[in-house]
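Participant: Residue numbers (UniProt numbering), protein chains in the order written: chain A, 1 to 292; chain B, 1 to 234; chain C, 1 to 402.
It should be emphasised that the hints constitute simulated quantities derived from the structure, not laboratory data. Possibly wrong hints are sitting among the right ones.
With a cut-off of at most 35 Å between alpha-carbon atoms, the simulated DSBU-like pairs for lysine-lysine come out as follows [stated by the list, open to error]:
no.	chain 1	residue 1	chain 2	residue 2
1	A	Lys-89	B	Lys-211
2	A	Lys-185	A	Lys-89
3	A	Lys-185	B	Lys-211
Listed next, with one range per pair, are the computed distances between beta-carbon atoms [to be verified]:
no.	chain 1	residue 1	chain 2	residue 2	range
4	C	Val-308	A	Ser-119	43 to 53 Å
5	A	Gly-162	B	Ser-55	42 to 52 Å
6	C	Arg-353	A	Gly-239	26 to 36 Å
7	B	Ser-55	C	Leu-200	49 to 59 Å
Glycine included, C-beta positions come from ideal geometry on N, C-alpha and C.
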Amino acid sequence: MQQLTTTLLTGLTLGAVFSAFALALVMIWRSTRIVNFAQAPMAMVTTYVALVLIDAGASYWVGFVAALLSGFVLGAVIERVVVRHVEGKAELNAVILTLGLFIVLHAAAALVFGSRFRSFPAPFGVRGLTVGDSTIPLTGFGIFTLVSVLVVMGLLVALFRGTDIGLRMRAAAFGPEVARLLGVKVGRMLTLGWALASVVGSLSGLLIAGGGLVHPGYMDSVVVYGFVAAVLGGLESPGGAVVGGLSLGLTLSVVSGYVGSEVVPLAALLVLVVVLLVRPGGLFSTVHERRV
Amino acid sequence: MLDVRDLTTTYGAVRALDGVTFTAPQGRITAVLGANGAGKTTLLRTLSGLVPAASGSARLGDTDLLTTPAEEMTRAGLAHVPEGRGVIAQLTVEENLRLGALGARGGGRKADLDRVTDLFPVLGERRHQVAHTLSGGERQMLVIARALLADPAILLLDEPSLGLAPRIVTQIFDLLRGLVDDDGLTVVLVEQNARSALSISDVGLVLDLGKVVVHDDAAVLVDDATLRHAYLGF
Amino acid sequence: MAERTLALPDRLRRVTDDTLGRHLLAGLVGAVVVVLLLSFLGGFRVSQLASFSYLAIAAAGLTVLTGLNGQLSLGHGAFMAIGAYTTAVLQRTELGLPLVVVLVAAVLVAGAVGVVVGLAAARLHGPYIAGATLALAIAVPGLAIFWRDLLGGEQGLTVPLPDVPAWFADAVFFLTATDPSSSRYVAYLAGLALVAVLVLLANVARSRTGRRWQAVRDDEVAAQLAGIDLGRARVLAFVVSAACAGLAGGFMAFVVRLTAPSGFTLTLSLTLLTAIVLGGLGSLTGALIGAGLLTFLPQVVTSVGGDVGLSDVQSAELAPLVYGLVMVLVILLAPGGLVGTIRLKRAERAARRAAAAGATASTGAPTSADERTRAASGTGATTGPEDPQHDAPPSTERKRSS
Ligand SMILES: Nc1ncnc2c1ncn2[C@@H]1O[C@H](COP(=O)(O)OP(=O)(O)OP(=O)(O)O)[C@@H](O)[C@H]1O
Ligand SMILES: [Mg+2]
Numbered sequence: 001m002q003q004l005t006t007t008l009l010t011g012l013t014l015g016a017v018f019s020a021f022a023l024a025l026v027m028i029w030r031s032t033r034i035v036n037f038a039q040a041p042m043a044m045v046t047t048y049v050a051l052v053l054i055d056a057g058a059s060y061w062v063g064f065v066a067a068l069l070s071g072f073v074l075g076a077v078i079e080r081v082v083v084r085h086v087e088g089k090a091e092l093n094a095v096i097l098t099l100g101l102f103i104v105l106h107a108a109a110a111l112v113f114g115s116r117f118r119s120f121p122a123p124f125g126v127r128g129l130t131v132g133d134s135t136i137p138l139t140g141f142g143i144f145t146l147v148s149v150l151v152v153m154g155l156l157v158a159l160f161r162g163t164d165i166g167l168r169m170r171a172a173a174f175g176p177e178v179a180r181l182l183g184v185k186v187g188r189m190l191t192l193g194w195a196l197a198s199v200v201g202s203l204s205g206l207l208i209a210g211g212g213l214v215h216p217g218y219m220d221s222v223v224v225y226g227f228v229a230a231v232l233g234g235l236e237s238p239g240g241a242v243v244g245g246l247s248l249g250l251t252l253s254v255v256s257g258y259v260g261s262e263v264v265p266l267a268a269l270l271v272l273v274v275v276l277l278v279r280p281g282g283l284f285s286t287v288h289e290r291r292v
Numbered sequence: 001m002l003d004v005r006d007l008t009t010t011y012g013a014v015r016a017l018d019g020v021t022f023t024a025p026q027g028r029i030t031a032v033l034g035a036n037g038a039g040k041t042t043l044l045r046t047l048s049g050l051v052p053a054a055s056g057s058a059r060l061g062d063t064d065l066l067t068t069p070a071e072e073m074t075r076a077g078l079a080h081v082p083e084g085r086g087v088i089a090q091l092t093v094e095e096n097l098r099l100g101a102l103g104a105r106g107g108g109r110k111a112d113l114d115r116v117t118d119l120f121p122v123l124g125e126r127r128h129q130v131a132h133t134l135s136g137g138e139r140q141m142l143v144i145a146r147a148l149l150a151d152p153a154i155l156l157l158d159e160p161s162l163g164l165a166p167r168i169v170t171q172i173f174d175l176l177r178g179l180v181d182d183d184g185l186t187v188v189l190v191e192q193n194a195r196s197a198l199s200i201s202d203v204g205l206v207l208d209l210g211k212v213v214v215h216d217d218a219a220v221l222v223d224d225a226t227l228r229h230a231y232l233g234f
Numbered sequence: 001m002a003e004r005t006l007a008l009p010d011r012l013r014r015v016t017d018d019t020l021g022r023h024l025l026a027g028l029v030g031a032v033v034v035v036l037l038l039s040f041l042g043g044f045r046v047s048q049l050a051s052f053s054y055l056a057i058a059a060a061g062l063t064v065l066t067g068l069n070g071q072l073s074l075g076h077g078a079f080m081a082i083g084a085y086t087t088a089v090l091q092r093t094e095l096g097l098p099l100v101v102v103l104v105a106a107v108l109v110a111g112a113v114g115v116v117v118g119l120a121a122a123r124l125h126g127p128y129i130a131g132a133t134l135a136l137a138i139a140v141p142g143l144a145i146f147w148r149d150l151l152g153g154e155q156g157l158t159v160p161l162p163d164v165p166a167w168f169a170d171a172v173f174f175l176t177a178t179d180p181s182s183s184r185y186v187a188y189l190a191g192l193a194l195v196a197v198l199v200l201l202a203n204v205a206r207s208r209t210g211r212r213w214q215a216v217r218d219d220e221v222a223a224q225l226a227g228i229d230l231g232r233a234r235v236l237a238f239v240v241s242a243a244c245a246g247l248a249g250g251f252m253a254f255v256v257r258l259t260a261p262s263g264f265t266l267t268l269s270l271t272l273l274t275a276i277v278l279g280g281l282g283s284l285t286g287a288l289i290g291a292g293l294l295t296f297l298p299q300v301v302t303s304v305g306g307d308v309g310l311s312d313v314q315s316a317e318l319a320p321l322v323y324g325l326v327m328v329l330v331i332l333l334a335p336g337g338l339v340g341t342i343r344l345k346r347a348e349r350a351a352r353r354a355a356a357a358g359a360t361a362s363t364g365a366p367t368s369a370d371e372r373t374r375a376a377s378g379t380g381a382t383t384g385p386e387d388p389q390h391d392a393p394p395s396t397e398r399k400r401s402s
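Please model the complete structure; the sequences and the hints are all you need to start from.
Facilitator: Structural data, given as structure tokens:
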């Protein structure tokens, strides 16, 4: 019983992080039809920004905010300088480009920050909370993870549904040409979309890192899990990404707890393949895949 | 007034527009007619900045359209309803309309939204529906309403009758005529459906292989049987 | 009668006109070069050449899949791992299997897994295949830890070197008057295997099968209308490609002499992708060039790093930095890769010449222009291996259902 609750709670927090990462992928996919595999090293680089500041004596929160800000800038710069040139071109080129960026960011981080494992602080306890005389397997940092992911999602919904800029961003993503004719500066909206997605990616990087170790490759598997979560949700839908992330987190946590942590990536692969073969439009799709 | 001189647009080796010259007078409807591939869509796309012109000039009042980027067009007073119903299918009716108002010259006003839903009551009823659930006619109304919300001086319409029942076409055309007569809107109307387009237009322009072959009063075009047979097929 | 009087150069030309003959001839030359190089080079160079060979085998296989068939695999490191582990496990048994048998087993096992993955991949496109194979790359090394007893866990398995057969030792002694080490033996085999794989793949690419793969890549609807079974074509391409990776993994096990999860990280898969992008997707020459850059560039770059005052650890990161940057630049500036760009230049020059020739321009220009668009539109539309005038269906921007 105790083990099951632990497993489920771990799965929930992990799932929240996957959700955030999947959301970042979905935001970029919707607006530019690109799966941004470089999202993982982008998040990694921003986590190092936080780590450098914290090691230099700044508080966790200063590092946290700095990481998110640098995520914003990095996302914007990468879209504007590099990705812009492959938008709307052959999809293979875009995929290869993001993988090239993946390698570049990895190597650059190893050069600048070193490739050894470094520990990353957590702002809240990473031990289970004590209520009365029993310990519940929910950590302070776990709660922080859940809350921050929820807050970010709330903010995104508010932005996209409730504001003019959010409306412009959605229009630019769904109908770039029509949006231009309606006075939307589409290029700028796409840049902003990448920047915001990169902030969300950074958040998930910080949450994975908290209370653990970071090194240039620490986010590599997260990009796979995030991708699987996004595909579970249909790759198009932010809500789907969240639900996909949570279900994947729970599933993987169960696999890790009862089978072994080494097969977690394999389980993710199986989930991905089964979903793609059985419901190519994602778990929650109602419409069938369009064919030519 | 829209003043187009010697406008040429090329796609690689293809000259889709070849020295097009005409003026579309203020407060009038100019019908642009011609066979498939004549260059009608290219003309509108060049005017609204979606396609770069190779040479020539196009002015709307004091604005040089050829140097104005597409996303500045609504602020310059030009609205373009593209071919094939440019609704943004994933957004709701209301969001599509809001988007139109956002591009308005003076910034959108709530009052305009109400005015447009008065004009097209069906859009008011469906404001919270996602646009891809609309019927063809409703979509066409939505894109026209959206363009009007930008409060344009000139409206470019690309085949608004495409795929619509004749009754709906008449309804939409009458509405256009009304807007022109009451509000002094200028319209450039691209149509395959030459007969009904000319019936509400003031001026007709016939394109053939990217060249203007006829430019005259709509009534003259309708009366000239040789012309009709040669270019308009009715 | 006239045929008998053909002069020798003419006869040679007839051999080179025939593609199979030309490939075999090139293969023969390649084999001679391999033997000569390996006979007279020092130990370090020999092991470098062996690494080059296995990387090139894997890259050639990936080129066939991605360049010819349009399927992007980020998981070929996983197939190499499968080949390497198969090799390691068999080599550690007491059976004393001949090297060739061990390698064939590696190819078969990797090919079998390739069937399974290929079946899944055949139904996916673009980013989905990329994501699924990425997951594969991450998942497979974990299995080595899961089946610790068989596969050695984190530490991995050391791979005993094969015995040098007597005939081989005699042959080398005859050539160089020295006794070959077993690593030299492995290098010979790897080099010759590379030549064989290249000849084989070049022929497959030119065959009906290869043209089907390209047709599927260029336009799946048209290919389907032409009666091509899309699924079969895709799966077959995947299997061939996975088998090559398996063979490469087998050689890698012998060259590195240790098979451990840390040798098969995502980096390896991405490295292979780099190789084929650098060289030019779809071209076997390109795959060779790319593998060459990957093998020999790190040394150069690392020593440059040392010269400008970087530590050894930092210098080691310079090489991937350079590949990554070059990869990004290739996609942005020359999506055809090295070979594609050279072909493009050649086509442009030919077009200019044709235009200058006046009357002939009308016949010369269209083919060159066609080639130009193909080379320029990049990865989705690169030309077939080794042959600028191949007769694949004209490729336009790829439109796939989504
Ligand atoms: N993007 C493009 N690239 C190349 N050629 C184009 C492009 N768009 C249009 N054309 C060509 O330019 C010419 C004019 O096309 P355009 O779309 O302007 O015709 P149209 O008069 O609107 O025809 P329709 O009545 O069928 O809509 C045609 O020959 C067309 O093939
Ligand atoms: Mg048209």
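Participant: Compare the structure with each hint and give your call.
Facilitator: Checked hints:
1. With a C-alpha separation of about 32 Å, the suggested pairing of Lys-89 (chain A) with Lys-211 (chain B) holds against the 35 Å cut-off.
2. Restraint check for Lys-185 (chain A) and Lys-89 (chain A): satisfied, since their Cα atoms lie roughly 20 Å apart, inside the 35 Å limit.
3. Simply put, Lys-185 (chain A) and Lys-211 (chain B) have alpha-carbon atoms about 33 Å apart, close enough for the 35 Å limit, and the pair holds.
4. Taking 43 to 53 Å as the suggested C-beta distance range, the pair Val-308 (chain C) and Ser-119 (chain A) does not conform, at roughly 31 Å.
5. For Gly-162 (chain A) and Ser-55 (chain B), the Cβ-Cβ distance of about 46 Å falls inside the hinted range of 42 to 52 Å, so the restraint holds.
6. Between Arg-353 (chain C) and Gly-239 (chain A) the C-beta distance comes to about 59 Å, which lies outside the given range of 26 to 36 Å.
7. At roughly 55 Å, the beta carbons of Ser-55 (chain B) and Leu-200 (chain C) sit within the given window of 49 to 59 Å.
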